[in-house]
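In order, the protein sequence lines correspond to chains A and B.
Oh and the first sequence: position 136 is 136 in my numbering, straight run, nothing missing.
Oh and the second sequence: position 148 is 148 in my numbering, straight run, nothing missing.
Wrong hints could be hidden among the right ones.
Said to hold, decoys possible - Computed cross-link-like contacts, DSSO-like style, restricted to lysine-lysine with a CA-CA straight-line distance of at most 30 Å:
#1 B:K65 - A:K60
#2 B:K62 - A:K60
#3 B:K63 - A:K249
Claimed, not checked - Derived Cβ-Cβ restraints for the label pairs, each shown as a range:
#4 B:Y24 - A:N131: 36 to 46 Å
#5 A:G22 - B:A115: 46 to 56 Å
#6 A:G221 - B:A115: 37 to 47 Å
#7 B:A115 - A:L54: 33 to 43 Å
Hints were generated in silico from the structure; no laboratory data involved.
Please read these numbers as outputs of a predicted model, since none were measured by experiment.
Glycine included, C-beta positions come from ideal geometry on N, C-alpha and C.
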Amino acid sequence: MEQVLDLINNYLGLLFILLCLGLILFFYFSDRNRPKISLREIQAFRHIRREVDLAVEAGKRLHISLGRGNINDLQGGAAFIGLTILDRSARAASNSDLPPMVSSGDGVLTILSQDTLQFTYHSLATEQRYNPTNARLTGLTSMAYAAGCMPIIHDEHISANIFAGHLGTEIALLTEAGERSRSLTVAGTDSIHAQAVLFATSDEPLLGEELYAAGAYLGAGLAHSASLRMQDILRWVLVVAILIGAIIKLIGILP
Amino acid sequence: MKKILPTSNAIIAVISGSLVLLGYFFPGVFGNIQSILIGWAIILAAFALFLGIFNLAIVHWKKAKTTGPSSIYSLVLLISLFLTIIIVSLSGPTGSFSLWIFNTFQVPVEISLLAVLAVVLVFSGARLLTRRPKWQTVLFLVIVLVVLLGSAPLFLLGEVAPLIALRGWLAQVPAVAGARGLLLGVALGTVATGLRILIGVDRPYGG
Numbered sequence: 001m002e003q004v005l006d007l008i009n010n011y012l013g014l015l016f017i018l019l020c021l022g023l024i025l026f027f028y029f030s031d032r033n034r035p036k037i038s039l040r041e042i043q044a045f046r047h048i049r050r051e052v053d054l055a056v057e058a059g060k061r062l063h064i065s066l067g068r069g070n071i072n073d074l075q076g077g078a079a080f081i082g083l084t085i086l087d088r089s090a091r092a093a094s095n096s097d098l099p100p101m102v103s104s105g106d107g108v109l110t111i112l113s114q115d116t117l118q119f120t121y122h123s124l125a126t127e128q129r130y131n132p133t134n135a136r137l138t139g140l141t142s143m144a145y146a147a148g149c150m151p152i153i154h155d156e157h158i159s160a161n162i163f164a165g166h167l168g169t170e171i172a173l174l175t176e177a178g179e180r181s182r183s184l185t186v187a188g189t190d191s192i193h194a195q196a197v198l199f200a201t202s203d204e205p206l207l208g209e210e211l212y213a214a215g216a217y218l219g220a221g222l223a224h225s226a227s228l229r230m231q232d233i234l235r236w237v238l239v240v241a242i243l244i245g246a247i248i249k250l251i252g253i254l255p
Numbered sequence: 001m002k003k004i005l006p007t008s009n010a011i012i013a014v015i016s017g018s019l020v021l022l023g024y025f026f027p028g029v030f031g032n033i034q035s036i037l038i039g040w041a042i043i044l045a046a047f048a049l050f051l052g053i054f055n056l057a058i059v060h061w062k063k064a065k066t067t068g069p070s071s072i073y074s075l076v077l078l079i080s081l082f083l084t085i086i087i088v089s090l091s092g093p094t095g096s097f098s099l100w101i102f103n104t105f106q107v108p109v110e111i112s113l114l115a116v117l118a119v120v121l122v123f124s125g126a127r128l129l130t131r132r133p134k135w136q137t138v139l140f141l142v143i144v145l146v147v148l149l150g151s152a153p154l155f156l157l158g159e160v161a162p163l164i165a166l167r168g169w170l171a172q173v174p175a176v177a178g179a180r181g182l183l184l185g186v187a188l189g190t191v192a193t194g195l196r197i198l199i200g201v202d203r204p205y206g207g
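Looking at chain A on its own, in the form it has when it is part of the complex:
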């Protein structure tokens, strides 16, 4: 029995990942024939969709910033969401005079953002619109990255700034630059400190797991909706587990 418990303990992480994978696949296949999945209203995503339309009409462009997370690390997860937002925004603004501008603070992210833009334009048969200098590396340290982003916000006819990725407290400088240039700022990050700053400085902060719902809200495909449902279910499971654990500890069963 102890050996079995040790084995379960060792491979709990793997079991958890397999559970997540199973739920994603289950919802992916079971939702294929559903006409529409209803999602609760998150204002930030409604504003992103509206700003894309307004940018096209006003002859302005979007600025999407992917932060400075290293994709070899945990921080890469938030940056991948930024790439999904980039893909959806570039598609929606494909008939705009000015294509979106992308900034990042990591070499790999810069290449991935260039690749995402190129692939998006290629799939829309508008490859001539692709310009590699529209996806830029702005700086490698937190402050250098922020300092490099600020001229983009001020000088590139930006109507809205979307920050999605691993960012620290330097995000306050960027949201302030957005405010001064009278452009909307929507921002989400995986950093807790930056989320606190965003609550105070951003027009539309995405807190906690809201950033990771971007794909489902922007219509990136069924897999995004399926993974969002998986997250919702497991979040409730974790809430119940934490409450049960707290009660057990309170009544003295756990040491």
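Use these hints to put chain B onto chain A, whose structure you have.
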């Protein structure tokens, strides 16, 4: 060829990702291949950094050639980049000249931006009530004020014990509980993102 390449990209990404993941759970079987793949990723990341800097230089070269008011800044950046590359190449990354550049230019500029950040945060906090006049905003600002007052001795009053105790409770109980809740959401989101890439439905590599 254009159709084959995205499929082969996806196959390589899915297999590599799966092997690295399995390496964490079965280090005896997949540990070596995991180390090799991570090593390759680090080399590629270094090369990507080089390409990123090249991209930065091209952007500023184009800007420097224009007659706009910001072209002078781009010129300064290009000259600084060129000089830094030469000096660090000759002196080495930890050489005295390289460290002199770092300590004389990089550190003071970044510290100045940190100082600006503090001012920006104070202004943003003050502006928050006009931007979002809700009870959550009032609560946020009251808690910020209490934590600030409880963090340092007050003028003429010195240390106020109840404020310090309240600050400690706020920082250790509600703040930690909230942060853990947010972190759980972030962790679930990260797992979901990773799995979508691992099964090849999300392809941020041009697939």
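Hint by hint, here is what the structure shows:
The hinted pair formed by K65 (chain B) and K60 (chain A) meets the criterion: a straight-line CA distance of about 23 Å does not exceed 30 Å. Straight-line distance between C-alpha atoms of K62 (chain B) and K60 (chain A) comes to about 21 Å, which keeps the hinted pair within the 30 Å bound. Distance check on the hinted pair: K63 (chain B) and K249 (chain A) sit about 63 Å apart at the alpha-carbon level, beyond 30 Å; violated. At roughly 39 Å, the beta-carbon separation of Y24 (chain B) and N131 (chain A) lies within the given 36 to 46 Å, and the hint holds.
Checking the proposed 46 to 56 Å range against G22 (chain A) and A115 (chain B) shows it holds: the Cβ atoms sit about 51 Å from each other. For G221 (chain A) and A115 (chain B), the Cβ-Cβ distance of about 45 Å falls inside the hinted range of 37 to 47 Å, so the restraint holds. Separation of A115 (chain B) from L54 (chain A) is about 35 Å and conforms to the stated range, judged on CB atoms against 33 to 43 Å.
Against the hints set out earlier in the document, a violation occurs for number 3 only.
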